[in-house]
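> Single-letter residue listing:
2 protein chains.
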Amino acid sequence: MEPLKVSSNSSPNAVAGALAGVLREHGTPALQVVGAGALNQAIKAIAIARGFVAPGGLDLICVPAFTDIRINGEERTAIKLLVESR
Amino acid sequence: MEPLKVSSNSSPNAVAGALAGVLREHGTPALQVVGAGALNQAIKAIAIARGFVAPGGLDLICVPAFTDIRINGEERTAIKLLVESR
Chain A
0 MEPLKVSSNS
10 SPNAVAGALA
20 GVLREHGTPA
30 LQVVGAGALN
40 QAIKAIAIAR
50 GFVAPGGLDL
60 ICVPAFTDIR
70 INGEERTAIK
80 LLVESR
Chain B
0 MEPLKVSSNS
10 SPNAVAGALA
20 GVLREHGTPA
30 LQVVGAGALN
40 QAIKAIAIAR
50 GFVAPGGLDL
60 ICVPAFTDIR
70 INGEERTAIK
80 LLVESR
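Protein chains in written order, with numbering that gives the first Met the number 0: chain A, 0 to 85; chain B, 0 to 85.
Bear in mind the hints are in silico, worked out from the structure with no lab data behind them. Careful, some of the hints might be misleading.
For identical chains, the list gives no copy identity; a pair is met inside one copy or between any two copies.
Computed cross-link-like contacts, SDA-like style, restricted to lysine to any residue with a CA-CA straight-line distance of at most 20 Å [as the list claims (entries may be wrong)]: (1) K79 <-> A53; (2) K79 <-> A64; (3) K79 <-> I60; (4) K4 <-> D58; (5) K4 <-> G20; (6) K4 <-> G55; (7) K4 <-> A77; (8) K79 <-> A46; (9) K79 <-> N12; (10) K4 <-> E83; (11) K79 <-> A35; (12) K79 <-> G36; (13) K4 <-> A35; (14) K4 <-> A53; (15) K79 <-> A17; (16) K79 <-> G55; (17) K4 <-> R69; (18) K4 <-> A17; (19) K79 <-> I47.
Given these sequences and hints, build the entire structure.
Following this line, the structure appears as structure tokens:
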């Protein structure tokens with residue numbers, strides 16, 4: 000599944016809702032970010048999503064990893080956050 | 000155990016080493032950050048630490064959470080990252 004791209008302008012609440020939606024369909028969502036501002040929104044989204052899904056018995060964790068991507072032909076290092084329930 | 004405080008000037012490699020050290024002593028480390036730059040270094044540190052401890056059979060995950068702290072008498076929202084092996 001394609002990672003959800005989060006930017007520094009993304010709303011953490013909206014991203015949290017998207018995460019919860021994918022989890023409800025039994026998917027394993029991943030977030031992809033470039034830059035500190037985007038990462039900040041993504042991590043806030045995961046913390047918020049934990050609250051959305053906890054009443055349903057899910058305990059969300061995240062696995063951070065580096066990943067190389069191309070933006071406009073330039074190589075950049077992005078961070079991918081795999082989100083799973085344990 | 001007190002969370003390790005990570006700032007935007009922290010070296011991700013050094014923080015990763017500290018995380019690996021705490022895990023080796025069978026502790027459950029936590030990182031505490033205020034601000035996007037600090038969070039960026041902390042998440043990179045966790046990704047790097049995953050590589051440090053993977054050969055020993057540990058598979059690190061992180062649990063992000065909001066936490067209220069006081070800095071110079073002012074209330075601030077920090078992010079705490081609990082780091083565990085699953």
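> Give the relationship of K4 and G55 under a CA distance limit of 20 Å: within one copy only, between copies only, both, or neither.
Close neither inside one copy (26 Å) nor across copies (32 Å); limit 20 Å.
> Given identical chains, is K79 near I60, meaning Cα to Cα at most 20 Å, within a copy, between copies, both, or neither?
both (13 Å within a copy, 13 Å between copies)
> Measure nothing new, just compare the shortest in-copy and cross-copy C-alpha distances for K4 and A35 to 20 Å and report within, between, both or neither.
both (14 Å within a copy, 17 Å between copies)
> Tell me, please, which holds for K79 and A17 at an alpha-carbon limit of 20 Å: within, between, both or neither?
Classified as within: same-chain Cα gap 16 Å, cross-chain 22 Å, threshold 20 Å.
> With 20 Å as the alpha-carbon cut-off, assign the pair K4 and A77 to within, between, both or neither.
within (10 Å within a copy, 24 Å between copies)
> Using 20 Å as the alpha carbon limit, work out where K4 and G20 are close: within a copy, between copies, both or neither.
Close inside one copy (15 Å), not across copies (33 Å); limit 20 Å.
> How do K4 and A53 come out at 20 Å by Cα distance, when the copy is not named: within, between, both, or neither?
Answer is neither; intra-copy 24 Å and inter-copy 27 Å both fail.
> With 20 Å as the alpha-carbon cut-off, assign the pair K4 and R69 to within, between, both or neither.
Within one copy only: 13 Å inside a chain, 33 Å across chains, cut-off 20 Å.
> Quick one: K4 to D58, C-alpha cut-off 20 Å, is that within a copy, between copies, both, or neither?
Classified as neither; 22 Å inside a copy, 25 Å across copies.
> How would you label the pair K4, E83 (within, between, both, or neither) given a Cα cut-off of 20 Å?
within (17 Å within a copy, 26 Å between copies)
> Please sort K79 with N12 into within, between, both or neither, judging by C-alpha distance up to 20 Å.
both (19 Å within a copy, 18 Å between copies)
> Using 20 Å as the alpha-carbon threshold, which applies to K4 and A17: within, between, both, or neither?
Intra 11 Å, inter 30 Å, cutoff 20 Å: intra-copy only.
The structure is inconsistent with the numbered hints 4, 6, 14, 16, although it conforms to all the rest.
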